[in-house]
Amino acid sequence: DAMVIQNPRYQVTQFGKPVTLSCSQTLNHNVMYWYQQKSSQAPKLLFHYYDKDFNNEADTPDNFQSRRPNTSFCFLDIRSPGLGDAAMYLCATSRQGTLKQFFGPGTRLTVL
Amino acid sequence: GEDVEQSLFLSVREGDSSVINCTYTDSSSTYLYWYKQEPGAGLQLLTYIFSNMDMKQDQRLTVLLNKKDKHLSLRIADTQTGDSAIYFCAEGDNNAGNMLTFGGGTRLMVKP
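In order, the protein sequences belong to chains A and P. Heads up: the first sequence runs through residues 114 to 225, numbered per my numbering. Heads up: the second sequence runs through residues 4 to 115, numbered per my numbering.
Everything labelled a hint here was simulated from the structure, so no lab data went into it. Just so you know, these numbers come straight off a predicted model, no measurement behind them. Hints may contain errors.
Stated by the list, open to error - Residues of chain P clear of chain A, computed beta-carbon distances all greater than 10 Å:
id	residue
1	E17
2	I89
3	K114
Said to hold, decoys possible - Just so you have them, the derived chain A footprint on chain P, three or more residues with Cβ under 8 Å:
id	region
4	47-54
5	68-75
Positions of the beta carbon are idealized from the N, C-alpha and C atoms, including for glycine.
Using the sequences and the hints, build the whole thing.
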């Protein structure tokens, strides 16, 4: 089945220790998104890619970076995680020109 | 900017109908979506409605759209304990890129 996969599902890191979350998709969608979701709040968009064209939301902290080496993979790098970065991180994909987004299962990040 | 509002919580008895409501402000919304999120999981697309429709039915799910009042509802017939989750309403405008604006989510609790 075509799907969006996120690894790991649970990640524990220490305060200030860089961490990378990964997302892959078999849907061949050209748009990929990273969202941060805290405590059953609405997902908050961090950034998205149209193919390799990177789009950062205005209020996404510089601490968050992303890479998309090819259509299938996208990475979220948190350079110096703080306690406030503990959250669920959701990856989603869509086909350009459509609004329907398909989400992965999420990675829950804990910062000690 | 666009805003999407939902009530925080709904409790129903198993077998009853549930109605989850959503209001939005963007008059140029093209599609409106309902996503379901179970604990510790990603968002699952349940159903969606195009803005020129006023109703869509899909098995136990009925979506009603009142475009004049910018009000969207999701009715779940014969609610089961497996329907307990957080339900997110989201709206998007085809003319404004691939972005969705999410509501804050409604937590549905189904009591046996």
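Structure-based check of all given hints:
Distance check on E17(P): its Cβ is at least 22 Å (rounded) from any Cβ of chain A, clearing the 10 Å threshold; non-interface status holds. A Cβ of chain A approaches the Cβ of I89(P) within 10 Å, the least distance being about 6 Å, so the stated non-interface status is violated. Residue placement check: K114(P) keeps its beta carbon more than 10 Å from all beta carbons of chain A (closest about 19 Å). Check result for the region 47-54 of chain P against chain A: holds, 3 residues qualifying (beta carbon to beta carbon below 8 Å, three or more required).
A stretch counts as covered by a chain when three or more of its residues have a beta carbon under 8 Å from one of that chain; for the region 68-75 of chain P and chain A the count is 0, and the coverage is violated.
The earlier numbered hints that this structure contradicts are 2, 5.
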